[in-house]
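Visitor: Fit chain B to the given chain A structure using the hints.
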Amino acid sequence: MKRLIAAAVVLLAACGEGGADRTGGTDGSMAAAISPTDADIQLAADLTPDDAELAAKYDRSCRTCHATVDAAAPLTGHRAAWAVRYDAKGAADLLTSTKAGLNAMPPMGLCSDCSDEELDQLIAFMAGRTS
Amino acid sequence: MALSRRKLLLGGAAVAIAIPVGSQAWWSSKDFVRDGFEPGLPEAPTGERAWMNWSGIQKATPKILAAPTSAGEVVALVQNSPIPIRPAGSGHSFTALCPSEGTMVDIGAFSGIISHDPTTNIATLGAGTKLQQAARLLHEQSLAFANLPDIDVQTLAGGFSTATHGTGRNLTAIHDYARGFELVTPSGDIVQASAEQNADLFQAGKVSLGALGIITRYDLQVEPAFNLHRRVKLVKTEDILDQYMGLSEQHRNFEAVFFPNTGHGATFTHDKYEGPLSGEQPSEDDNFLQDLKQLRDTFGWSSWLRRKIFAASVDPEAGEDTTDAGWKLLATSRPSKFNEMEYHIPLENGLETLRMVIAKMESRSDAFYPIEARVTAPDDAWLSPFNDGHRLSIAIHADSSENFQYFFTEFEPIFRAAGGRPHWGKLHSLGAKELSMLYPKFAAFNQLRRELDPTGKFVNPYLSKIWGEA
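Listed in order, the protein sequences are those of chains A and B.
Per the working numbering, the first sequence starts with residue 1, numbered consecutively.
Per the working numbering, the second sequence starts with residue 1, numbered consecutively.
For reference, chain B alone in the conformation it holds in the complex:
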C-alpha cells in the first residue's frame, strides 16, 4: 500500500483530529479490536521454533526453522527434514503459504549480487535477497530493476512467487524480470530453468507459491539506474476516478489511493528524470494514517462530518514534488501493520469495480485505511494474474488489530464478479475449483507440481486447498 501523504494535512489542523469528546462518547466507547487478536508469537514446544507472519495472522511452531547457507544444505533439508516443508520468505504473505508444523526454510543467507553480465544486463542474485537490499546493491553498480512494489522487505523468491507488483501501464510485475533460476526440487535435485532449459518449469516457476521446491538463485534482467520525479497530489475522489485511465497512460508509474469517507484521495505519479536531485524527505505517511484513524475514531458515526472535517483540515494545494533515485521513491517500509485483500481486475472492468469498492467501503463507518488502485502490464508466467492482459489491482486494508472478515463477505464477491484474480500472497478464499477456472494453465501447473513433488512434501493445509488435494 502507498498512502503518502506527506504534508497533506496542515499541521495545526491535523492536531485537531484527536481524541473523541462529548457527544461522540458513545462512538468513542467502541472497541475496534477484533475478537481473537493476539499479536504475539505462539508458544513453541520445547525444542521447536515459533514463527508468525508480518501482520500476525499466520503462526506456526515448526519442528525446524532452517537457515541453510548452500544449495547442498538445501538438498539435505528437503531430503531429510520433517514435512511439510515450506519456504518462509520474509513472512509478508497474509495467506497461509508459509506456515508449517514440520520445516520452514529461511533462505536469507542466499543474498546479494553473485554476478552481472554488462552485455546483456542480466544480474544473478541470491533468491533470499530482500528487494530493498537488491535495489540498493544494484544501485551501487549503477543498475536498477525497472520497477518495484511499494513494500520492499520481501525476498526476491517470496515477491516473485506471489506475483508481487508495482504500478505502471507499461511495466510488468517483478517476477517478469526472471531470465532463469536455480531450483532445489522436493526430491533434492538441483535444476536450472530458463526459456531455453526446462522451459515449462521456467514458465511455471516464476510464480509458483514456493510449491515446486526451494529457489536459491535468479538470473534477472536489470537496466541502467535511473532517477524519478515523484508528484503527489490530494484530489477529490470523483476527480481521480474521472482521470484515472488518462493519468495511467500519461505517466511511467501511476497509482491512486482513496481515503474512505473523506471525499478525497491522492494521486502518485513517477516519471523518468534527469537533473539535480532534491532528495527524498522523511515520510509522514504513518502520521497521516494515524490522522485518518483518529478521524474515524472520533467522527466515524457521521460520514458527513468526517468529510467536512477532513476538507477543513487539509490544504487542497498540499502535495509533494520530489526527485531522487528510482528505487528510493518507488518503495518504502510500512511501520503500521495491516491485513490486506487485493484482486487484479481486467482493465475493462477496473474503474466500475473500483467505484463499487469505494462505495462499499464508505458504507462502513469503521473503515479508515486507504483503498489502493494500481495498473500492471501483462506477462506470460503460468500463474501470473496478469498473463491475459492489463489488470487494475484494487487493494483494501484493515489495521492488523481490527476486523477483516468483511473482506470476504462484502468485497470478495464484487472482485470475483468482475473477473478478478486474487493476489497470491493476500487474503482470498479461493480453492482449486475456482482457480482452475481463472487460470488456463492451472491444471498444467498442478500436474508439473505433482511430478516434482509426488508425495506432497511442500503441501501445507492451505496449499492442499489451493491444489485441490484437501
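Chain A on its own, in the form it takes in the complex:
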C-alpha cells in the first residue's frame, strides 16, 4: 500500500505544480520574481493618494484588497508586480480589466462612482507611477 502511494507521489512530483498563487498569477516563475517582501506589504498598508477625494475613494474601494497581501491582488506601491501587468497589458487594458472585473476583483473595483479618469489615477497610484 505504501509503495503505491509513494509511487504516486513520486510520479506526480515529476509533473510539477500548477494552480494560482497569492500574487494572482498562474505562472510560478513569474510569481516568484514578484512576490512581495515584508517591506512591500507594510508599504501597501501605509500608502494613500495625496488628493483627498481620490484618497477617499481608494480607502473605501481599492484598499480593501490592494493593501492586503492575502487578497492576491497586486499590492499598492509594489512596482514590480504592477510592472508585469503594465508590460503585458498597458494602461488602457488595465482600465478595461478594472471596469469589467478581473479574477476576484468585482467590476469597477468596488467603485461604481469612479470615472475612467479616476480609475486611471487610482491604478497609476497603486502602481507607483504617479509623479
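In short, the hints are calculated from the structure, not lab data.
Since we're looking at a predicted model, the values are computed, not measured.
For every residue, glycine included, the Cβ atom is placed at its ideal position computed from N, Cα and C.
No incorrect hints appear here.
Listed next, with one range per pair, are the computed distances between beta-carbon atoms:
no., chain 1, residue 1, chain 2, residue 2, range
1, A, 99, B, 443, 42 to 48 Å
2, B, 223, A, 55, 23 to 29 Å
3, B, 44, A, 118, 19 to 25 Å
4, A, 115, B, 443, 41 to 47 Å
5, A, 118, B, 337, 24 to 30 Å
6, A, 113, B, 243, 46 to 52 Å
7, A, 90, B, 388, 52 to 58 Å
8, A, 45, B, 44, 31 to 37 Å
9, B, 461, A, 116, 31 to 37 Å
10, A, 90, B, 356, 48 to 54 Å
11, B, 408, A, 113, 33 to 39 Å
12, B, 348, A, 91, 56 to 62 Å
In silico DSSO-like links for lysine-lysine, alpha-carbon gap of 27 Å or less:
no., chain 1, residue 1, chain 2, residue 2
13, B, 63, B, 465
14, B, 337, B, 360
15, B, 465, B, 441
16, B, 308, B, 233
17, A, 89, A, 99
18, B, 337, A, 99
19, B, 63, A, 99
20, B, 59, A, 99
21, B, 360, B, 233
22, B, 236, B, 360
23, B, 30, B, 360
24, A, 89, B, 337
Guide: Only chain B this time, still in chain A's reference frame:
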C-alpha cells in the same frame, strides 16, 4: 469560509499533488466546469449599466446604477428612479437580493466613522462602509467590533441586512451591534430607528434584506481594541467532531473546517491575548485550496487514495500560532470565487447534522471545497436566524465555475429536516410559506414592509417569492 491552512502541507509533498497522469487519464479528462458558466459581465443595452455579484451567478443590467452621496440624493432616487430599486452592497450575496433591471443603489460613498461617543462606546458609521475599512478605521481609534465574519469586503448594510456572522459561542452576529440606524424609506422619508424610537422598525430593520428602504447610517456598539492569539491545527475529522462542542465552549472564537475525502479538517481558535505580537504572516489558504483541488482532479476517482495521499503529504504537527490585532486575524479576503449554501442549525441538532453533511459530501467524488462549521450566540432581530437560541452554521461551497445544483437536492433537505434556517445571503430555495414557519416574526416583518413599501418599489422577482407576492 475560512479554510486556512497555512503550512498544513509540506512544501515538497504539496508539489506532489499535481497534474493527473497515466491510469487517472479517464478521470482527468472530466470537465468540472458547469453548463452555462459565464464569468463575465452581461452586455448592457446602450445607456444602461452592467452588474454582477462577486461569484458571477447573479447579473443585471439596471437602467440606473446610482451612487448617491447624501441622504437627500437617496430620497430623490427612491422617489423618481425606475423600479425595482435595490441596494447593491458589495455584491457578496449569492441569492438574487440585489439584481434589478430598474435601479441599483451603491451607497459606498456613505463610508467612514462619523462620530464616536467615548462614554457609551457607540460609534456612528456610514452604512456603506466596508467591514474591513470599518475595522481598520476603528482600530486607528483603539476601537473594535467584538467579532467579524471571515470575509470582510461586505458593506455594513449588506452584512447586517443578511445576518452575516462570525463564530463564537458567546458572540452574536454583527447586526446585533446596531443601536440605531437612519433609513430612507421607499416613499422618501428619512427615519431614525432605535430601541427607543420606532422600536418595531429597529428590530425589523437590523436584518431586513434591503427591503425597508436604504439604510444610510448606523450607530454601533464598539469596544476597546483587542489582540487575539490564533491557533490552527490539522486534526482528523472524527477527532474534530468529538471535540467540537467542548472547543466551542473553551475558546472565544472556534470554528472547524473539513476537507472532503481526506479524513482531515482543521480547527481554528482565537482567544484574547496581551503581550508582544508576532504579526500575521501571508496566508497560504488559496494555495492550499488549489492543492485540495488538484488532489480531487487527480485522485477524485478513489476516496481511499485521496485519503492516503493527503495523509502522506501533510505534516500532522503542522499548524499556525499567531498573535495580532483581532480585526486582522478574524477576517480575510478570498481570492478564489465560490458559490455557497449555509444553514443555521439549532445547536442541539448541530453535530448530528454536520456528520450527515460531511458523509453526504464525501459521497461525491467531485467535492473538494471545505465544509465549514461555526457557532453564533442569540440576538433578538425579527429576521435574525439566531433569534431563538444558539445555532451551528454549516456552510458548503463549490468553485464558482463548477456545479452547485446538488446543494439544493442533496443537502438542503438535510439542513431543513434539522430545523435549519438559511443564511439570507447564501443559496437556498425557500419562499414565504417555508420562511413564515421558521420565523415567528415573519408575518409582522412582512406587514411592516408592506406599510413602508405599499407599491413594492423594493421588490425584485426574488424578493417577490420571499414575501409571497409572486
